[in-house]
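Since chain A is already given, all that's left is putting chains B, C and D on it; use the hints.
Read off the chains here:
There are 4 protein chains.
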Amino acid sequence: MDTPLTSRFSTVAFLGLGAMGFPMAGHLAARSRETGGRTLVWNRTPGRAEAHAAEFGSVAVTLQEAAGADLIVSCLPTSAEVDEVLDAVLGQLTPGSVWVDCTSGHPDAAPRQRDQLRTAGVRFVDAPVSGGTAAAKSGTLTVMVGGPQVEVEAVRPHLAFAGKLVRVGDTGAGFAVKAVNNALLAVNLWAAGEGLAILGLHGVQLGAALEVINASSGRSNTTENLIPQRVLTREFPATFGLGLLAKDAGIALDMAETARGSAPVIAQVTALYRAAARVIGAQEDHTAALKLIEQMNGVELK
Amino acid sequence: MDTPLTSRFSTVAFLGLGAMGFPMAGHLAARSRETGGRTLVWNRTPGRAEAHAAEFGSVAVTLQEAAGADLIVSCLPTSAEVDEVLDAVLGQLTPGSVWVDCTSGHPDAAPRQRDQLRTAGVRFVDAPVSGGTAAAKSGTLTVMVGGPQVEVEAVRPHLAFAGKLVRVGDTGAGFAVKAVNNALLAVNLWAAGEGLAILGLHGVQLGAALEVINASSGRSNTTENLIPQRVLTREFPATFGLGLLAKDAGIALDMAETARGSAPVIAQVTALYRAAARVIGAQEDHTAALKLIEQMNGVELK
Amino acid sequence: MDTPLTSRFSTVAFLGLGAMGFPMAGHLAARSRETGGRTLVWNRTPGRAEAHAAEFGSVAVTLQEAAGADLIVSCLPTSAEVDEVLDAVLGQLTPGSVWVDCTSGHPDAAPRQRDQLRTAGVRFVDAPVSGGTAAAKSGTLTVMVGGPQVEVEAVRPHLAFAGKLVRVGDTGAGFAVKAVNNALLAVNLWAAGEGLAILGLHGVQLGAALEVINASSGRSNTTENLIPQRVLTREFPATFGLGLLAKDAGIALDMAETARGSAPVIAQVTALYRAAARVIGAQEDHTAALKLIEQMNGVELK
Amino acid sequence: MDTPLTSRFSTVAFLGLGAMGFPMAGHLAARSRETGGRTLVWNRTPGRAEAHAAEFGSVAVTLQEAAGADLIVSCLPTSAEVDEVLDAVLGQLTPGSVWVDCTSGHPDAAPRQRDQLRTAGVRFVDAPVSGGTAAAKSGTLTVMVGGPQVEVEAVRPHLAFAGKLVRVGDTGAGFAVKAVNNALLAVNLWAAGEGLAILGLHGVQLGAALEVINASSGRSNTTENLIPQRVLTREFPATFGLGLLAKDAGIALDMAETARGSAPVIAQVTALYRAAARVIGAQEDHTAALKLIEQMNGVELK
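Protein sequences, first through last, are from chains A, B, C and D. To get our numbering, take the position in the first sequence, counting from 1, and add 271. To get our numbering, take the position in the second sequence, counting from 1, and add 271. To get our numbering, take the position in the third sequence, counting from 1, and add 271. To get our numbering, take the position in the fourth sequence, counting from 1, and add 271.
Extracted from the complex, chain A is given alone in its bound form (with noise of 0.2 Å):
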């Protein structure tokens, strides 16, 4: 039988302060002054987790320090990552406690990660987020949550950052919804490129394509947000790195994969963002990807 859920979370942990982490536990940390409770934070390099508590108000913990607490929240590059720290800190965990990660993981990772916390009378929940570090930093994001209902309502309230939080199915289920979504947005953003890039290359202007386009139906976030903001303006600000997206791509690709699934234009588009994340730079931001399709048709989109 499993160890009784807790029924308060009144210590916090954080592990992992990226550009999305940090912010997302700054959340956290409000929460817990208002409610009297505590959010700890660790990172891999600790001078951030240092520089969170100076700025929130959290406290700087090591991993083992952070093992002990009533809810843990993990947000970190891949499941390996995940994999590695969970490792690390599979004996000191609390039993009754709750584990969600908030990781774009891989859906085939979280039943093995469940099985393996439960052993330790932990719960795990997958729980990826989507907004970018402007929904993270307002903690307005949206937050796609795969467990069973009982795990997710308990966490439910104590997630500060999110905006929108939907149970969409059991273990691993999440990470499903997250791999599909990111997925969805390589394409809608490689797609928007090559149409661009047509324009120019017959010397339509973009603003004005674009202007129409996002009153028609060929519209979606990335023609809407990111392409106007990020791409015309030239900026490409790295929030979300094109290796990144990449790999949540191949992840819906593998998801295809082990189900004999089809997924041609998936498959095609996971690989140009392989090509771009080497030609241009994995560490680029992921609308970068269209540096790839301008040098592709020698044309600059502006």
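Watch out, some of these pointers could steer you wrong.
Claimed, not checked - Distance condition first, Cα-Cα at most 25 Å in a straight line; then the derived DSS-like pairs of lysine-lysine:
1. A:K573 / B:K435
2. C:K435 / C:K408
3. B:K573 / A:K435
4. D:K435 / D:K408
5. B:K435 / B:K408
6. C:K435 / D:K573
7. A:K435 / A:K408
8. C:K573 / D:K573
Don't read these hints as lab results, they were simulated from the structure.
Coordinates of chains B, C and D only, in the frame set by chain A:
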């Protein structure tokens, strides 16, 4: 020297009363009643024109009678049908008048049609529309217009079906932007279908997944509107044919080829819509392309 | 230290008597008769092993009896079946023996299987084959082998079904080359199908077209052999299943993903074979994938 | 009624002395010497024609002098250049003569060119060639011919550069088969590049891999000849330009679109060659397209 542009457009003729043209011409007729002008309507099958006259107070006429109008608006399946009609009436046109083509035409056709009309002292403006039958009925279509500024401004007040009208460039630019917009529609729709098929194969509830995606970075007009309204409902109402969307994407692809551009994703997706038009049916609604994805994956999107 | 490699392979066991394995094991049995050794054969459905014994003078055995051989050769649908069999017999294996896996396996499985076998003092060599049932019957298969040089040389003389045997690298390299070879087969076959469909739509006689292509730069094994023999004849003899070819192409794609490589065409084609396996049937001959192309184009390749 | 076809072709003119045309015209000149006829040669840059005369005993002439020949053979970059030349000489042509166009032309151009020549009493046969500069030099080109049987037979004995000549259908069929052949070349070459890149990323020795693939089902002209000779050697000798191969694949794609066919792989590959022509250079050898694959994968094919 060009024939001076007429300063009044008291008689307007609308050619092509299809699913889009019928309500569009209705808005022209309503405007004519307000301004004391006349709206003539012509359709290949005359019964449709008579029905329009009965419903909107327009005047059903022959093609030759329509040719004498001050402003001609055409809305036909492809540029080939426009060429046919144009050849048939070239001798009857009124010098100083303007021909506004709302067809989703080919950018290569526009300069040719403009040159041909100039021999009759008539201007040509390409002005395709987006928004579907709903926006056609409500008079809120987005119109993307190509042509000289002065001619665009001359006709702008008379296109009563427009919610938004943007001049995107010179002759042909309207067709170009429309083709690219529809290519993006095609890609975004297809990719969303693949993504949902993957999730369906993994047992994720598609309604919940769409709710989350529509609050996330992967959202597009297709996930927000088309798929919830037409696909998950299994209704697939045939308002815009699969074959016509394939044709439009093909125009974008053709534009890429003409400019020696590279648009690998639009290229693949065009081919997949051609396949869907064969396997599912060119007359089916464009969203029925996702039935091919269902067959490819052995899963139903519902 | 590793158990010394046996210097003799007098008892050989063959696991998996499918369309390929059955005749391959026949060549091992013939060799055994010449050298005074024994060939044991095992199949999941025992009747097939008994038929082999009757036809080739091999000895039909249980899996546990087969496990004691000096040389084990397996030829199963995927690495998953090899894992199952390996788990079942690990305790019964003979130290110093070698396991040669002719399955079209996954490169990731090879080092894992090698490590597992090492605990039992057994070597592992990956040695997938190409040439189809015809070359399996004639004993002229191409064998691509991965593993340490000394082990490859030790087993080389005993693989009597080989027409050509090349060591392509260390453990897993055989599987890797096989996966890529089959991915190329898949692409070349699909592309030829598309090309012939285009010509068919334009009324060109396909036999004459193939004759010319096969004397030109576009020729491949698929235009020279598979399409004239299997497609234009409308025979599609099921010697190598469509589902298995999709699986193999998927392994190549997986290898690309693992290495963060970019293979957009192999990615697309893998997805199209997955689609064909759903629409046409995974058990159909791999050349029947072209029936999906026929549906996509409304044309028959004959 | 058509002008009767001439029964003798004592004067032959060759238009276009490029990498292919130069040696092709050499074979015509050698044949003329045997038969007592004359071979006239013309090139846009006259020095090239004079060099041909010096080397092969042909006669360097102006375009107008060439126009009077009994048999005109043209070999130009695209149908557009053929149109230009044809327009320039239409009035000087000899009724009863035949124009054989060995350009890799567009199937849509052929009936138009045939109709135009008929007004001058001249026949048109499309007869593109395959085999590259090596076969052009050795006189063993494969010629794929479209046109009426009687005209094809009339010119057959005079095309001294042919190793194999097949009539594949009516006017335009030669161009069609050539476009598809080259599209297959493009796909097979690109896929082989991807496959080798995958193997290279996994540390497999590419020479050994090719040796095995060339004895296996994945082999093609590109793995057997082009890649070992041009890519692994890092020579990439520019005998057939990347831009021209992209153009040819584009013709095949255009044929698919015209017939509302679906060729998703040829569509993607055409776009990738267009990209390679931009990034690597349209004038580079067609095999240099694989340098783009190298960039996309961060690996060198050697």
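Okay, the hints, checked on the actual structure:
no. : hint            : verdict
1   : A:K573 / B:K435 : holds, 23 Å
2   : C:K435 / C:K408 : holds, 14 Å
3   : B:K573 / A:K435 : holds, 23 Å
4   : D:K435 / D:K408 : holds, 14 Å
5   : B:K435 / B:K408 : holds, 14 Å
6   : C:K435 / D:K573 : holds, 23 Å
7   : A:K435 / A:K408 : holds, 14 Å
8   : C:K573 / D:K573 : violated, 40 Å
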